[in-house]
Structures are given as structure tokens and as C-alpha cells.
Amino acid sequence: MVYDVIIVGGGPAGLSAVLTACYLKLKHLVIEASRAGGILERNYPWKEVDSFIGFYEHTGKEVADSMVNHVKKEGAKIKEGELVEEITKDKKKRIFTVKTDRGKYQAKTVLLTTGSMGIPRRLEIPGEDNRNVYYSILDPKRHKGKKALVVGGGDTALEGANTLSRAGAKVWLVHRRDKFRAMEKNQEELKKSKAKVLFNTELKKIFGTKEIKKVTIFNNKTKREDSLEVDEVFIFIGSVFDVELFKKLGVRMEGQKVPVDSEMRTNVEGVFAAGDITGRLKRIPEAIGEGHLAVYTIYKYLKRPYWA
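Residues 263 to 570, numbered by the working numbering, are exactly what the sequence shown covers, in order.
Note that these hints are calculated values from the structure, not bench results. Keep in mind that the hints are not guaranteed to be accurate.
[Claimed, not checked] Below, computed lysine to aspartate or glutamate pairings styled on DMTMM-like, alpha-carbon distance capped at 20 Å:
#1 476 - 491
#2 476 - 390
#3 370 - 487
#4 456 - 473
Quick caveat: nothing in here was measured; it's all calculated off a predicted structure.
Using the sequences and the hints given, assemble the complete structure.
Quick look at the structure:
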């Protein structure tokens, strides 16, 4: 079977895309490496979703489940737990072959909605492999009463520090620069919390084998080195995405981003991208809108309707 579109990634952008594909009666397949729902399902199952209008009292898991149930009700075809290993294009037949760890699939177009999470970026410092070093918060209640060091200066780091503080942990937030790059809302909440902020500060070493005993921090402005006694370390400094999959297909990359035009086209004919991977505003509403727009563009590309 040759699909009209194969959607690589089952987060908000991918689920929005497949819903539109269902409405437009495009033959489709979503391939998701883990579970459909994306970052909402994997990293923020407990967090209330406040950037998606109408869902402010719902957790990430609840929103993800609602999205998945909605698209399945409309007939979405989703393969979960299947990792895409290679995408190739037959230029003569204008057909794409998507190879996964379980099989091969063919389509007339490919939509990349892989998100931007990838593999958490490491500091590559001594002691980072300790079992109490984390790159996400799955259950805030587990950290009540702990002494936690959070590393980072973006929204994920500030949200993490705020969450741990609310859960009853004693929190230090270290950031290597002198200002945050997070939303004002998160910065305001941080100011009201009990978390202690250390600007111009870097984590240099984690001590302890099975349990963390202390850490060494370094002020890059004063050049002073200090120790802190902590139980846990949370590293939120972004992620590294394996872009080789896209590069081999010929997709132009800008660092970890796939640049697209106003209708979500990449530089490769028949390949489209939507959501966080495009490097635009990384929020659920934007991902949903881009996924929807991308499939409308694909529909026009394949069907050539008179109104396009």
C-alpha cells in the first residue's frame, strides 16, 4: 500500500495533522517511536497545561489522552513503539520509503513532526551518571523534602524549579548567564517561590557513587568555586536531536531545526515539517496549527483542487 502521507511523530503536531488527514480522507499513517502524545505524555504527565486555551485545569497526560482518543475516533492509523531508521526517496516514481525497526512503508509525501526533545543534552561533567541525576520530573511528590539543584535558564528549568519548590523540595537554580530566557510567567512564579537562584553559575562536579553527597559550583564572573550539599540534580539545558535521518534525505537543517516556508514545505519536494522541529514558538497551539496547515498543503499538493 502507498499512503498519501506518512507522519513521523505522534505529538500535538502529528496528532493535529492526522486529524486533518482523516477529515480530508487522505490515506495516512502515523509512526511514533514511543507513545502517541509526545512531550505531554512523556515529560509532563503531571503538569497542568496552561498554554492551551480551554485546557487550563487538565494535566499533560489528560490532554494527550484526549487528543489520541479524538483522532482514533476519527479513524487515525497510528503505529506506536516503532522507530524510524531511514527515509529514502525514489525520484523517478516520486515515492518515499520509510524504514523502521519493524518494517517498511511507502508514501507519496512525508510529514516530519518529531518534536525537538531528542536526547537530553548532558553537561558531560564528573558524576553525571549518578542515579539521582534527572532530565525530567515524572512525579513531583517523590521529591518532597529533598535538596534539589536545578541547572538551566529556559522555561523547562524554571518550570522544574517551581514544580519542585511547590512539591516541598529545597531548591537551588543555577544558570550560567545573568538573565533567564524563560517566559515572564515562569520568572514571576520563581520570584515568589522559595527557590534560591544563582546566576553566572555553572555545575562542575557531582560527588557520590550511589547517592549524591554534594556538588561543586563555579561562578564564572567572580571565578569562585563553592560546594553545595544536595540530594538530587536536575539538568534542563535542552536536547540533542539526531538530524542524520533528515540530512540523508537531503532536508536542509539549521542546527537542530528544519526550516520551512509559509505552508510548511521543506527544501525537498514532498517533504513537509511541523511543530517544534521547525524551531518556531514551541507551544501546543502553534504545533497544532502547523500540523493542520501542513496537511492542507499536502492535500493541495496531491489532489490539486480547483480552489487551491
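> For this structure, which hints from the list above don't hold up?
Replying inline: Hints 3, 4 are the ones this structure does not satisfy, whereas the remaining hints hold.
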